[in-house]
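**Student:** So you can see what is in the structure, the chains are spelled out below.
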Amino acid sequence: MASDVTTPMLSEAIRDKIRAFIPRYPNKRAVTLPALHIVHEYFRCVPYQAMAEIAEILEITPAEVHDTMSFYGFFPQAPIGDVRVWICRSLSCMITGGDEMLEHACKKLGVRSGQTTPDGKLTVEFAECLGICDFAPAALADDGRIFGPLTPEKVDAMIEELKKDKDPVDPTHGLGSSAGPATPSRPEG
Amino acid sequence: MSISFTLDGREVEARAGETIWQVARREGVEIPHLCYSPAPGYRADGNCRACMVEVEGERVLAPSCLRRPSPGMKVATDSARSKAARAMVMELLLADQPPREAAHDPDSKFWRWADKLGVTESRFPARHAPAPDVSHPAMAVQLDACIHCGLCVRACREVQVNDVIGMGRRGHHAKIVFDLDDPMGHSTCVACGECVQACPTGALMPSSVLDKEGRKSREPDRSVDSLCPYCGVGCQLTYQIEGNKILQVDGRDGPANHNRLCVKGRFGFDYVAHPQRLTRPLIRKPDVPKDADDFVDPSDPSTHFREATWDEALDVAAAGLRTIRDTFGGRALAGFGSAKGSNEEAYLFQKLVRTGFGGNNVDHCTRLCHASSVAALIETIGSGAVTAPFSECVHSDVIVVIGANPTVNHPVAATFIKGAARRGAKLVVIDPRGQGLSRHATHHLRFKPGSDVALLNALIHVIIEEGLYDRAYVDRFTSGFEELRARTFAFSPEKMAPVCGVDASTLREVARLYGRARSALIFWGMGISQHVHGTDNARCLIALALLCGQVGRPGSGLHPLRGQNNVQGASDAGLIPMFLPDYHRTNDPAAHADFEKYWGVNLDPEPGLTVVEIMAAILRGSIRGMYIMGENPAMSDPDARHAREALAKLDHLVVQEIFLTETARHADVILPSTAFPEKTGTFTNTDRRVQIGRAALQPPGDARQDWWIVRDLARRLGLGWNYEHPSEIYEELRGCMPSIRGISWGRLEREGAVTYPCPSESDPGHELIFAEGFPTPTGRGKLVPAEVSPPDELPDDAYPMVLTTGRLLEHWHTGSMTRRATVLDRIEPEAAVHVAPADLRRLGANPGDRLRVSTRRGSIELAARSDRDVPPGLIFIPFCFAEAAANLLTNPALDPFGKIPEFKFCAAKVEATGAG
Ligand code: SF4
Ligand code: SF4
Ligand code: FES
Ligand code: FES
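Protein chains in written order, with the numbering used here: chain A, 1 to 189; chain B, 1 to 916.
It should be emphasised that the hints constitute simulated quantities derived from the structure, not laboratory data. It should be emphasised that the depicted structure is a prediction, and the values quoted were computed from it without experimental measurement. Each hint should be verified, as a subset may be incorrect.
Said to hold, decoys possible - Lysine-lysine pairs mimicking DSS-like chemistry, simulated, CA-CA at most 30 Å apart:
id : chain 1 : residue 1 : chain 2 : residue 2
1  : B       : LYS426    : A       : LYS17
2  : B       : LYS212    : B       : LYS245
3  : B       : LYS290    : B       : LYS649
4  : A       : LYS164    : A       : LYS108
5  : B       : LYS426    : A       : LYS28
6  : B       : LYS448    : A       : LYS28
7  : A       : LYS163    : A       : LYS108
8  : B       : LYS285    : B       : LYS649
9  : B       : LYS245    : B       : LYS109
10 : B       : LYS216    : B       : LYS116
11 : A       : LYS28     : B       : LYS175
12 : B       : LYS74     : B       : LYS109
Stated by the list, open to error - To be clear about the criterion: a stretch of chain A counts as covered by chain B if any three or more of its residues have a C-beta under 8 Å from a C-beta of chain B, and this derived list gives those stretches:
id : segment
13 : 40 to 52
14 : 65 to 78
C-beta atoms are modelled at their ideal positions from N, C-alpha and C, and glycine is treated no differently.
So here's chain A without its partners, still in its complex pose (with noise of 0.2 Å):
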């Protein structure tokens, strides 16, 4: 429960980078959805602490934080890979296979929908239209990378290629940043 916590998670920084959006709304609890996206840039994942100290910054209850993150299927739980792909199955995608391409990729990465390599590089998961049609079977990496459309061959190009090493990068980088949903910095570690 929140209030038996006594090292917080959430570092001053990251709590400001919070408070900096509730003037912005009218009131504290449409700041929720902002706070979960800067957690989530910096950990990448939402975990079960960071929710309580979130509930605890806008003064709302820890289920309220809770009801906005499960709502979306974006925040996880606990860290994902250093990448994360999504790849389409609505129905341009899915007429154009792209079932079979989630499919051919779990199996070549030897994991299923929605989990991470052994190596902690890669994270596949299926999503619903990525509004990229025109690329039908697409899929879309979470540094912003579009990939389509897709055959078993190319999906194999594409997994060599997200699973190259990137360039160490400042933990605290991105902080400075807008809350995008996709952004290619992670803390290291």
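With chain A held as given, fit chain B with the ligands onto it using these hints.
**Tutor:** Chain B with the ligands only, in chain A's frame:
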């Protein structure tokens, strides 16, 4: 404005705001409903679509629970299309349900509708069923039966405003969650049980009726409408009984609770069947001496006592009292009645002391809670009761809660306050500790403990100096304005800020908020009254309200939240040393003469001694015998060691109880009496609302009704009492209490609750009082200035911390009932001292470690609890734990007017004793 429309071919009227469903119900037309509950406080949500009806000319069906009729609309509840749609909804929902044979509650609202609609099977595949969650001691969560109607979410968020339940995820994956998808038993759930009461499927159920497979295995065979035995809120409830056991408790739609209950009222009832109940009269063995530090195992009193017949026990009890009376006079005897007993018991008890003992040494725990508030109220506005019921706060635009922690101590009253705040009322909480209302407050002033008068005088100062007071009201209805102005002139917020620890601009802001409010209600509790300046604190609050004319109008008033279920009634009935029934002073010649006539005996005009004074008088040797009915001064009195010494010193002590309490250890005779659900009687809640409680169970063994015991003891003291039923006693009380003259026993049996003043049977009773002046000799309310005085015992080098005491949500008062209620004691099983995290670190202790807390009066050991609601320098100890009795530590210094001890402030020292 009502409108007319056609319902199934019939012309019907809809009242303003009514939905089609509501009109249909009124007209006797049944429409299925699952996500809608007609219970008070539940908003229609329109999500299940079980209530669809056809509206002529509309393309789609309409949810009748949500849809309001328009003039001339033609509605068909029984058209083929609407019936087919409703059956389809049931079939879809049925797909996920456990089969009927395995249903958690085969008799749930859901199954009853399925039966009525003839839907027994589903063609659709079931979805994944979550595992049961039995982490809570009182409630089982079995979401395989959940239909996502969201009633529990509304119950928790909108009705009780606890905000624990959420609807997590979405669509096919939607799931009821507690907090962050925690097991219910580990969540912030306060176990009010509202969600269980609202759930239509059996997904949330009280564990008490379930078997190991999570299926309902026990059914009540009868039910009795009664009241909750715990706090002054006075919730109405229904006991569901199987044999002679309470199986389950449901909230009823009483005026104080509208079906709501808290954890105590809902789950705290099995104490009545505890094996330690006293079932036979007990007499102290001749060779067992009394000792202040004595311990008697409540499970085995035979070490100190032997069983006796009622005749023998009553003879011994009476003989001891009689001897003292005849040798030393009536003033050598004293009696403590109880604020937990009925009006009839309180009345009879004080009558016994006054007419049978022959003195006025009769008091009860009101002395320890609101005596100072009552002293101030009587002095200023001529009446000791509230001016408005707590539910009036729904009409307030500013609500002030000071020195009270209602989410813990008056949970159902708190639901009204939280609800009002959510709908936009400004809530000002004034309390050194953080608390459940803080989250809902626009301002929380965490002032320095004990600096109440400084803070309140600063508010008064601003209201006067900035001209925010209501001149017309002050001129017409008050006296003493000029003196108040002169005496508070020096208390500017700027000067008081360092004294009370709240900055001047916040003080000004809050004063302006209150001063400019259209309607404002002030609630206060023990944080105001339990100080040596308790009466002064209350005077300030009354002055604030009088200055701003915030009395007697909707949404305005003064409301000291009364603690015990009948503390108002017990005081009204005269269970206090200076007042006869209805607050006539014992030494008022006219009242004295009236009561001598009414009771047919000579009365002692000299006011008696109060609770703490009686203990001192025992130690001085002037009081030698006592009769205690349902009170536990060995736990509840300040400096309890001292109180225990006094009790052990008595020549003769008669204790009437349901358990062998810390007080009963020192008794000569123990008389086993009845618990609340075993008795019928009237009780007056904090709102001045007289309500009737009805016996639901047989008392165990030889235990007897309290009024019966008092009567038979009285007979042995020479009084010819012949009461045969509580109603006779009530009618006698009514005969000497003009304020309840219009509330006859018969009327209470019919109506359940009537609020006094109620002068005649045809009068509906009055909730809001004093719109036109006050029952004082001048008709005006008196503004009484208060001087700043420090608490009696300030921290110093030897005792550097401040100790404050109070209650926990789960435990009632000294814990003799709630510590024996399985669920309540499982939720809060251990004595703990609440310490600020920084102080705990400084002590080098972790949560759960043992700490020794000492004051100049004693020392106890208990577990450490890290509590961020406690400011550094302060510690909080609940006084319900016999194994670490907080009152061994508290200071018995008294407020000079109310004679209330300073439970809320004394100097203390905390040491770590090593890991727990
Ligand atoms: S018991 Fe009360 S507080 Fe707990 S989840 Fe249910 S409604 Fe909410
Ligand atoms: S609020 Fe008071 S009266 Fe109501 S259920 Fe709780 S303890 Fe009982
Ligand atoms: S359907 Fe796949 S991107 Fe739109
Ligand atoms: S009862 Fe009307 S939609 Fe559920």
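**Student:** State for each hint whether it applies.
**Tutor:** Hints, one by one, checked against the model:
| no. | hint | result |
| --- | --- | --- |
| 1 | B/LYS426 to A/LYS17 | holds (28 Å) |
| 2 | B/LYS212 to B/LYS245 | holds (20 Å) |
| 3 | B/LYS290 to B/LYS649 | holds (7 Å) |
| 4 | A/LYS164 to A/LYS108 | holds (16 Å) |
| 5 | B/LYS426 to A/LYS28 | holds (16 Å) |
| 6 | B/LYS448 to A/LYS28 | holds (28 Å) |
| 7 | A/LYS163 to A/LYS108 | holds (13 Å) |
| 8 | B/LYS285 to B/LYS649 | holds (16 Å) |
| 9 | B/LYS245 to B/LYS109 | holds (25 Å) |
| 10 | B/LYS216 to B/LYS116 | holds (21 Å) |
| 11 | A/LYS28 to B/LYS175 | holds (25 Å) |
| 12 | B/LYS74 to B/LYS109 | holds (29 Å) |
| 13 | 40 to 52 | holds (count 3) |
| 14 | 65 to 78 | holds (count 5) |
Comparing the model with each numbered hint stated earlier shows that all of them hold.
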